[in-house]
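J.: Spelled out, the chains give:
Number of protein chains: 2
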Amino acid sequence: MKKHNFSAGPCILPQEVFQEASQAILDFNNSGLSILEISHRSPDFVAVMEEARSLALELLGLQNKGYKALFLQGGASTQFLMVAYNLINKKAAYLNTGTWSSKAIKEAKFFGDVIEVASSKDKNFNYIPKSYSLPEDADYFHCTSNNTIFGTQMKSFPATSRPLVCDMSSDIFSRELDFSKFDLIYAGAQKNMGPAGTTLVIVKEEILGKVSREIPSMMNYQTHIDKDSMFNTPAVYAVYVSMLTLRWIKSKGGLKAMEKLNHQKAELLYAEIDRNPLFKGFAEKEDRSPMNATFNLVNEAHKEVFDKMWKSAGVNGLNGHRSVGGYRASMYNALPLESVQVVVDLMKELEEKV
Amino acid sequence: MKKHNFSAGPCILPQEVFQEASQAILDFNNSGLSILEISHRSPDFVAVMEEARSLALELLGLQNKGYKALFLQGGASTQFLMVAYNLINKKAAYLNTGTWSSKAIKEAKFFGDVIEVASSKDKNFNYIPKSYSLPEDADYFHCTSNNTIFGTQMKSFPATSRPLVCDMSSDIFSRELDFSKFDLIYAGAQKNMGPAGTTLVIVKEEILGKVSREIPSMMNYQTHIDKDSMFNTPAVYAVYVSMLTLRWIKSKGGLKAMEKLNHQKAELLYAEIDRNPLFKGFAEKEDRSPMNATFNLVNEAHKEVFDKMWKSAGVNGLNGHRSVGGYRASMYNALPLESVQVVVDLMKELEEKV
Chain X
1 MKKHNFSAGP CILPQEVFQE ASQAILDFNN SGLSILEISH RSPDFVAVME EARSLALELL
61 GLQNKGYKAL FLQGGASTQF LMVAYNLINK KAAYLNTGTW SSKAIKEAKF FGDVIEVASS
121 KDKNFNYIPK SYSLPEDADY FHCTSNNTIF GTQMKSFPAT SRPLVCDMSS DIFSRELDFS
181 KFDLIYAGAQ KNMGPAGTTL VIVKEEILGK VSREIPSMMN YQTHIDKDSM FNTPAVYAVY
241 VSMLTLRWIK SKGGLKAMEK LNHQKAELLY AEIDRNPLFK GFAEKEDRSP MNATFNLVNE
301 AHKEVFDKMW KSAGVNGLNG HRSVGGYRAS MYNALPLESV QVVVDLMKEL EEKV
Chain R
1 MKKHNFSAGP CILPQEVFQE ASQAILDFNN SGLSILEISH RSPDFVAVME EARSLALELL
61 GLQNKGYKAL FLQGGASTQF LMVAYNLINK KAAYLNTGTW SSKAIKEAKF FGDVIEVASS
121 KDKNFNYIPK SYSLPEDADY FHCTSNNTIF GTQMKSFPAT SRPLVCDMSS DIFSRELDFS
181 KFDLIYAGAQ KNMGPAGTTL VIVKEEILGK VSREIPSMMN YQTHIDKDSM FNTPAVYAVY
241 VSMLTLRWIK SKGGLKAMEK LNHQKAELLY AEIDRNPLFK GFAEKEDRSP MNATFNLVNE
301 AHKEVFDKMW KSAGVNGLNG HRSVGGYRAS MYNALPLESV QVVVDLMKEL EEKV
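Listed in order, the protein sequences are those of chains X and R. Take the first sequence: its letter number 302 is residue 302 in full-length UniProt numbering, and every next letter is one higher. Take the second sequence: its letter number 85 is residue 85 in full-length UniProt numbering, and every next letter is one higher.
Source of the hints: derived by calculation from the structure; they are not laboratory data. It is possible that some hints are incorrect.
The list makes no distinction among identical chains, and a pair is therefore deemed to hold if it is satisfied within one copy or across any two copies.
To be verified - Pairs of lysine to any residue residues, derived as SDA-like cross-links and limited to a Cα-Cα distance of at most 20 Å, are as follows:
1) K311 with N29
2) K227 with D122
3) K280 with A118
4) K155 with S54
5) K311 with H40
6) K121 with D226
7) K227 with S323
8) K348 with A266
9) K106 with F231
10) K2 with S31
11) K109 with S212
12) K260 with E58
13) K3 with T99
14) K348 with N319
15) K181 with N296
16) K311 with E352
17) K155 with L134
18) K109 with I215
19) K123 with E284
20) K155 with A257
21) K348 with M309
22) K103 with S217
Keep in mind it's a predicted model, so treat the numbers as computed, not measured.
If we strip away everything but chain X, and leave its shape as in the complex, we get:
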């Protein structure tokens, strides 16, 4: 049966990528060797790493603007720590829009004072705070562009003279933005970019080297920049599959095309959430994420029936996170419009049924 994968991450990637990624396990580049058994210093893999780094900058429009792209390990959770290790002298400003922001704040406190400029915790993070001022003496301002768990997304970013740092784990490469406003962007690969196991870091080199503390080698962005993201053995396969996915994004028309399709999918699903009297959306309308739509049943009594319906229809990963309950439809780049239509049809079917 055809599967419709709404998993929040790791999540659906393009079928073409799976085909090529599977073949490379058996024979990479007609070398007679698996990609899993080649040296990361081999010309074939060095070319993969370089193409992945270059495509990441190209797709974001950041080539030749002083940025470096790195593929590191340890997930966004390690970036919560590395950002602070490398950038806090005295204090940093954080916007708290959910679980991931809160975790980033916790780690930053190991290195300095954290000013939480605003938080949407008062309403279980169902909106993005908008009226807040940024301290002009902070070492940087940190925000989370998309909140996977709560289904909210920042549509705009505050103007600041301080370095702007953003965790874009769950919406990078999904929409057009002026990415040159950001000084450091990081993203775990396992949403729009690739499989779990590598983390993209894009950093404007000029913001580094301004803290007085000594930084251990693996925690220091400069270490990785100086070695072209190959200071130590990288996550070879995760970088390779990310490179394939970035190639796919480019071949489909880049971020403009991704945004268009993501917009269509989101429109389709949110329209049904708003129309169907059995369902209600969780996030404030203006802050809704096109990546993760969070919604609940008005009457929980229908849960058993609806769960059975979507599971029988080959739909995967529609359960909501425990912090929100209900449902979460994650509609990353590789999810076809057709899969969203399947869920919308099931919602209509439930309405007719009950």
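Fit chain R to the supplied structure of chain X, relying on the hints for placement.
T.: Just chain R now, kept in the frame of chain X:
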């Protein structure tokens, strides 16, 4: 043409593992989904993580002895840092047997004093120091069991009342040892255990929690223990392929069988290195590694001919590391005896030719 892969790491893994690993990219466990697109919280992947952790302890004979197995990210290079972060109060003792030991020492110095109890740097690390005393007031003693670059291996480990920490990246699961002598073992997966992208850490829980510093979440072993190695999204695919490789090791007879085959391969190659007047071994005989045999031509003039010979014969990765020059034959678990015979035959052929 059949390839003979002597790459130092990432390196050869069993062909059966490649087959299954390739299939799982297209359809994992007959789920209709790729292993790259499933949630790490799905029962299917949780089972993979649990089996990998359990097999690691079982193969080392460490079940029910107070040890926890973790599959982390960041390579041994991150462990150089984490070991010190979690275990140094004042000072630690390190044995310096090469590049990796030296790097471990460098990172440890961020957290306390390092006593280098002995070093083989005087002879370009071609031997393992044996007469040294361990300070009984050190927080732990750290050593590197196998030195990939120089081709040496520790055959025995010093008795100490202090916690014994060992980087076994390049010889874990290759031989029988009393692993219960160790309190913390770590190993990048990309030699005998799996592909690049995950790092096995085996730690005796009782040695943790004895330092006064606060430890950031991702750097703290206890964080990962408390969450069954799933504090954050793990390197799903690298853990899966490691699990397949550990299954393979068990199915072949465990470490006893691996050691026997590794001994045969090493005997075959070192015998030819010693017999053939055109070659000389690099490491001291008593310290030779069965994993990585380092050897040089007596007369560098034969290099061009020999390189052409082995490259034409489908041999891969035989070039020595720049620190030693010449050749390095890495003979990890999955390398068949037949591949070693190919190289030995080529060495004999060179002798006849010149």
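J.: Work down the list of hints and note, for each, if the structure agrees.
T.: Cross-check of the supplied hints:
1. Only between protomers do K311 and N29 lie at most 20 Å apart by alpha-carbon distance; the minimum there is 17 Å, versus 39 Å within a single protomer.
2. When the C-alpha separation of K227 and D122 is checked against a cutoff of 20 Å, the pair qualifies neither within a copy, at 44 Å, nor between copies, at 28 Å.
3. Within a single copy, K280 and A118 get their C-alpha atoms no closer than 26 Å, and across copies no closer than 68 Å, so neither meets the 20 Å cut-off.
4. For a Cα distance limit of 20 Å, the shortest separation of K155 from S54 qualifies neither inside one copy, at 26 Å, nor across copies, at 45 Å.
5. In this homomeric assembly, K311 and H40 come within 20 Å of each other (Cα to Cα) only across copies, at 19 Å, whereas the closest approach inside a single copy is 41 Å.
6. Taking CA atoms no more than 20 Å apart as the test, K121 paired with D226 passes in neither setting, with 40 Å inside one copy and 26 Å between copies.
7. Taking CA atoms no more than 20 Å apart as the test, K227 paired with S323 passes between copies only; the shortest distance there is 18 Å, against 41 Å inside one copy.
8. With identical chains, the CA atoms of K348 and A266 are at most 20 Å apart within one copy only, with a shortest distance of 17 Å there and 68 Å across copies.
9. Taking identical chains as interchangeable, the C-alpha atoms of K106 and F231 lie at most 20 Å apart only when they sit on different chains, with a minimum of 15 Å there against 28 Å within one chain.
10. Taking the closest pair of Cα atoms, K2 and S31 come within 20 Å of each other only across two copies (10 Å); inside a single copy the shortest separation is 33 Å, beyond that limit.
11. For the identical chains of this complex, K109 and S212 are neighbours both inside a copy (17 Å) and across copies (17 Å), given an alpha-carbon limit of 20 Å.
12. Proximity of K260 and E58 under a CA criterion of 20 Å is satisfied intra-copy only: 19 Å inside one chain copy versus 51 Å between copies.
13. Within a single copy, K3 and T99 get their C-alpha atoms no closer than 29 Å, and across copies no closer than 49 Å, so neither meets the 20 Å cut-off.
14. In the homo-oligomer, the alpha carbons of K348 and N319 lie at most 20 Å apart inside one protomer (18 Å), although the nearest pairing across protomers, at 64 Å, exceeds that limit.
15. For the identical chains of this complex, K181 and N296 are neighbours neither inside a copy (35 Å) nor across copies (54 Å), given an alpha-carbon limit of 20 Å.
16. Taking identical chains as interchangeable, the C-alpha atoms of K311 and E352 lie at most 20 Å apart only when both belong to the same chain, with a minimum of 18 Å there against 69 Å between chains.
17. When the C-alpha separation of K155 and L134 is checked against a cutoff of 20 Å, the pair qualifies only within one copy, where the shortest distance is 18 Å, while the shortest distance between copies is 60 Å.
18. Taking the closest pair of Cα atoms, K109 and I215 come within 20 Å of each other both inside a single copy (16 Å) and across two copies (11 Å).
19. Only within a single protomer do K123 and E284 lie at most 20 Å apart by alpha-carbon distance; the minimum there is 10 Å, versus 68 Å between protomers.
20. Taking the shortest alpha-carbon separations for K155 and A257, only the intra-copy value of 18 Å comes in at or below 20 Å, while the best inter-copy value is 59 Å.
21. Proximity of K348 and M309 under a CA criterion of 20 Å is satisfied intra-copy only: 11 Å inside one chain copy versus 69 Å between copies.
22. When the C-alpha separation of K103 and S217 is checked against a cutoff of 20 Å, the pair qualifies only between copies, where the shortest distance is 9 Å, while the shortest distance within a copy is 23 Å.
Figure legend: structure checked against the earlier numbered hints; hints not met, in rising order: 2, 3, 4, 6, 13, 15.
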